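Asks: Protein chains in written order, with my numbering: chain A, 9 to 178; chain B, 7 to 138.
Possibly wrong hints are sitting among the right ones.
Claimed, not checked - Using C-beta positions, here's what the derived DEER-type ranges look like: (1) B/Phe91 x A/Val19: 58 to 64 Å; (2) A/Leu128 x B/Asn87: 41 to 47 Å; (3) A/Leu77 x B/Asp59: 34 to 40 Å; (4) B/Ala125 x A/Leu160: 22 to 28 Å; (5) B/Asp59 x A/Ser26: 31 to 37 Å; (6) B/Glu90 x A/Asn55: 22 to 28 Å; (7) B/Asn115 x A/Arg28: 30 to 36 Å; (8) B/Asp59 x A/Tyr16: 46 to 52 Å; (9) B/Gly55 x A/Leu77: 54 to 60 Å; (10) B/Glu90 x A/Ser24: 23 to 29 Å.
Said to hold, decoys possible - Here are the simulated DSSO-like cross-link-like pairs (lysine-lysine), alpha carbons at most 30 Å apart as the crow flies: (11) B/Lys137 x B/Lys84; (12) A/Lys103 x A/Lys155; (13) B/Lys84 x B/Lys58; (14) B/Lys58 x B/Lys112; (15) A/Lys100 x B/Lys94; (16) A/Lys155 x B/Lys58; (17) B/Lys61 x B/Lys88; (18) B/Lys61 x B/Lys112; (19) A/Lys100 x A/Lys112; (20) B/Lys94 x B/Lys61; (21) B/Lys88 x A/Lys155; (22) A/Lys155 x B/Lys94.
These aren't lab readings, by the way, just hints derived from the structure by calculation. Keep in mind that this is a model prediction, so the values were computed, not measured. Note that the Cβ used here is the ideal one computed from N, Cα and C, for glycine as well.
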Amino acid sequence: MAFSNTMYDSVYYHYSPSYRFSVGIEALSDKYTDQQYAYWRSTFLLNRKNTQHSQRNIYLQAGIGTQGLDHHFVGVHGDWETRRWFSGFGVKQVKTNTTDYTEKFLQVGVAPYLGQYGDLHTWLMLKSKKDSRLEGWSTYPVLKFFKGNLLLEVGYDREIQWDSHIMYRF
Amino acid sequence: MQSKLTLVIFILFVFGKSASAETEHVHNQHNHDTTATPSVAVATERYEGFVKDLKDSKVAVVNVIGMVCDFCARGIEKTFNKDEFVRKVDVDLANGQVLIAYSADKLINQEEISELILANGQNVTGIEIIKI
């Protein structure tokens, strides 16, 4: 998995021994503090509800920086989706050696068409994001595509520039 | 804008149709012994395409809930393809079905299928085995 936005670039490799739990390492280039560091990360599926046409998930996440225990984060994020609609949220509290901050986001989306298994799937989304180190919320459009084991998500906002996410499932 | 988005997401989370199935075993599961003719629920266009070139096989038609995303269902295909008796696997997102074609000599364990689907995070609500 790789992320890139105005605050950082990162590459995250994780392994899931079960669908409830994953562990991994994220190498991060922090553009705000101009530092490079890594996190040992873990994500835990707190709750999932499956129905015929929907799935809802709530996850807890935590990470410990390779710089020491006082460099860490905790967070919660969740989503609810059908084949047509998507909604998600996330809150992440980060403590570093130099600053503490909070990241929040809300996201909603709609699939303009319902692809079959194996097709290219497309989502039109709206994301609203707030980093406590910056002023105000940024709301911007996001396009999400996936096909097979590859997922690509790209958003653009005039202030925060590109917000992208790429994931490959091995 | 943020308050509206928050409200929309809150409503979806609270009132979304998500009351029935935690990711645990589903107890009202409907399993069927091997039959030669698929039931009406199974005989979809996708099923017909799946079995078109098959012979001397058994097809497990597995009804699954929570399978709303292609990307999330990838693990199902990978898991079943590890079984040497499996000839092919297909996922029917529209009908919430997983189609697994086994060679005819495979002794199909329906409980094992349910557990493998659960290990991917979805729930099985019924299994029908059809002899081709």
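Asks: Would you mind marking each hint as holding or not holding in the structure?
Replies: Hints and how they fare:
no.	hint	result
1	B/Phe91 x A/Val19: 58 to 64 Å	violated, 38 Å
2	A/Leu128 x B/Asn87: 41 to 47 Å	violated, 22 Å
3	A/Leu77 x B/Asp59: 34 to 40 Å	violated, 59 Å
4	B/Ala125 x A/Leu160: 22 to 28 Å	holds, 27 Å
5	B/Asp59 x A/Ser26: 31 to 37 Å	holds, 35 Å
6	B/Glu90 x A/Asn55: 22 to 28 Å	violated, 36 Å
7	B/Asn115 x A/Arg28: 30 to 36 Å	violated, 23 Å
8	B/Asp59 x A/Tyr16: 46 to 52 Å	holds, 50 Å
9	B/Gly55 x A/Leu77: 54 to 60 Å	holds, 56 Å
10	B/Glu90 x A/Ser24: 23 to 29 Å	holds, 24 Å
11	B/Lys137 x B/Lys84	holds, 23 Å
12	A/Lys103 x A/Lys155	violated, 36 Å
13	B/Lys84 x B/Lys58	holds, 22 Å
14	B/Lys58 x B/Lys112	holds, 20 Å
15	A/Lys100 x B/Lys94	violated, 42 Å
16	A/Lys155 x B/Lys58	holds, 25 Å
17	B/Lys61 x B/Lys88	holds, 21 Å
18	B/Lys61 x B/Lys112	holds, 14 Å
19	A/Lys100 x A/Lys112	holds, 6 Å
20	B/Lys94 x B/Lys61	holds, 12 Å
21	B/Lys88 x A/Lys155	holds, 21 Å
22	A/Lys155 x B/Lys94	holds, 19 Å
Hints 1, 2, 3, 6, 7, 12 and 15, counting from the list given before, are not met by this structure.
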